[in-house]
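Asks: Chain by chain, the residues run as shown.
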Amino acid sequence: MKIRRDVFQAIADPTRRAILVLVATQSMTAGAIASNFDTARPTVSKHLQILTECELLEQEQNGREIYYHLNPQKIKEISDFIEPFRKLWDERFNKLEAIMKNYKPKK
Amino acid sequence: MELKTKIHAEEGTQDLTITREFELPVELLFKAHTEPEIVEQWMGTKVMKLEAQKHGGWHFVTSDNKGNPVFQANGVFHEFITNEKIVRTFEMENAPMGVQLEFFEFKPLTEDTSKLIMHIVYQSAEARNMQLKMPFAKGLNMAHDRLQDVVTKLKQA
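Keeping their order, the protein sequence lines are chains V and Z. The first sequence begins at 1 in the numbering used here and counts up one residue at a time. The second sequence begins at 1001 in the numbering used here and counts up one residue at a time.
Just so you know, the hints here were simulated from the structure itself, not pulled from any lab data. Ideal Cβ placement from N, Cα and C applies to all residues, glycine included. It cannot be assumed that every hint is accurate.
Stated by the list, open to error - Quick partial rundown of chain Z residues pointing at chain V, CB under 7 Å, derived from the structure: (1) Ile1007; (2) Gln1014; (3) Ile1018; (4) Leu1028.
Given the sequences, and given the hints that come with them, work out the whole structure.
Replies: Structure (structure tokens):
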């Protein structure tokens, strides 16, 4: 069964964001990830499941262990998502600045 | 090129903050928000009403080249302190985002530079994300093209 999840919902949770930071530099097993949190192991597993379902994390089998690592492509999608909105305002403000630099007060 | 505008939108929250530093004295930055003909140029919209005072209303309309309105927004000013602060409501008409509450803070940095902090509060996190996802709505794009012309002409003048 594949549940479609919203990426933005996935990263709304602080624990999930912390997990993403943890695996940003290295692949880690669920156990190693869980050892970084006070949260119960099943809770961490649930977070890992959600992050995997929305493709922020990828699993790789290594012997008997499953390692989790970041999916950079998906992360990029998130950071790109706000960029057009930011660009829109940046362009507006650039124009504002250009206009006001040429502003001559009317008397 | 590095964008000068910063957007802070924490996930799961219903607000966002837009900050930008300008190479303009704070007085000119503020004036760009209060003089209808200047607002029209950089926002790329027609200013139908801009009562720059507490209790005043505002209404912007952007039309396509056939004259059909493609973007309309309106609201009321709740606070209006010259060169310091504007508090207003903002509603994009015929859009699902609902009414927003906007706090504009104008801060002088030096004599010739200033900073604008726009804090926008939405009815819900969903409404905010919807707003973030629809920046290049048709009307705004067209308005931008027109705005580009205006600024180019201004620069040549």
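Asks: Taking the hints in turn, state whether each one holds.
Replies: Each hint, compared with the structure:
1. Ile1007: This hint holds: Ile1007(Z) lies near chain V, its Cβ roughly 5 Å from the closest one there, short of 7 Å.
2. Gln1014: Check failed: Cβ of Gln1014(Z) comes no nearer than 12 Å to chain V, outside 7 Å.
3. Ile1018: holds (6 Å)
4. Leu1028: holds (4 Å)
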